[in-house]
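Take these sequences, add in the hints, and give me the full structure.
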Amino acid sequence: MKKKILVTGALGQLGQAVLEEFHNHYHVIGVDLHDNSPNYPIKYIPLDITDNKKVKQVIEKEQPDTILHLAAMTNVDGCEINPELAFKINVSAVETLCALTENRHFIHISSDYVFDGKNGPYSETDKVNPINVYGQNKLDSENIVKKYKGTWTILRTNVVFDYTKDSDASFVKWVVDSLKAGKPIRVVDDQWNNPTWTVSMARTLRLIVDREAGGLFNYSGRDWLHRLDFALLIADIFELNKDLISPISTADLKQAAKRPLKSGLITPLIEEKLGVTCDPLDDCLKEIKHRIESN
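Numbering that gives the first Met the number 0 numbers the first residue of the sequence shown as 0 and each following residue consecutively.
In short, the hints are calculated from the structure, not lab data. What you were told as hints is all true, and nothing was included just to trick you.
Computed spacing ranges between beta-carbons, pair by pair:
| hint | residue 1 | residue 2 | range |
| --- | --- | --- | --- |
| 1 | 241 | 211 | 41 to 51 angstroms |
| 2 | 149 | 83 | 28 to 38 angstroms |
| 3 | 40 | 292 | 20 to 30 angstroms |
| 4 | 273 | 168 | 19 to 29 angstroms |
| 5 | 179 | 117 | 29 to 39 angstroms |
Just so it is clear, CB atoms sit at the ideal spot from N, CA and C, and this is done for glycine as well.
Here it is as structure tokens:
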């Protein structure tokens with residue numbers, strides 16, 4: 000019998016990659032805020048994860064074996080401006096989900112934003128020290144999941160990317176669409192990360208589900224670089240005009256939330272435990288370009 004997987008945030012950038020990877024292997028129940036169903040043969044339920052009563056109804060009716068919690072308020076500046084809403088979505092909802100799904104497998108997505116970005120890239124055992132509301136939310140939610148009565152997995156990642164048409168979070172889409180339109184863009188040259196392709200991450204999540212691998216793991220792309228170099232690589236792969244890209248410092252953006260600057264993650268633990276490989280960034284971008292051109 001196929002495992003029954005409840006996927007929150009099913010229509011998000013990562014959620015769509017997960018549905019593509021999971022729908023042939025599990026009985027998937029996807030939930031998200033929106034009424035429009037995804038383009039996969041799964042059961043989809045519109046659901047606000049902060050509505051505790053409705054969340055309880057869905058869980059009691061569907062009885063999932065595994066909860067894959069992708070839903071989050073990921074707008075870092077939005078979290079800083081509205082910390083009450085951020086806490087409700089990013090922390091309180093996790094607490095509710097954990098309480099309602101004991102003795103199963105709870106998989107939670109976290110972030111390198113639990114670190115201060117002074118000495119990255121980071122391992123699973125490095126000292127956490129968030130410098131903004133979003134990072135604190137992620138740390139608080141990690142601490143809740145670690146008390147889960149069942150098998151728990153926390154997967155930290157960073158700069159998740161794809162070319163997702165209906166996602167405001169898609170850095171690749173922003174760069175490609177801007178350059179195709181001849182629009183100049185400014186990209187920070189002092190934020191270091193190792194960007195992570197949604198498709199690679201979805202494959203890793205499937206391994207975690209299959210093996211019921213518990214614990215805290217980092218998963219990210221292989222290449223550690225600053226955001227400007229990421230944008231320039233996108234322009235190279237997509238054969239677009241790099242002259243439209245100019246550098247800017249994080250400080251000059253004057254954003255509401257502080258950003259970890261020298262961040263990112265190292266991944267030997269998950270590579271050893273699960274045998275996964277973290278894909279080179281240029282290979283991921285070439286595959287994205289191929290997928291776009293094939294549609």
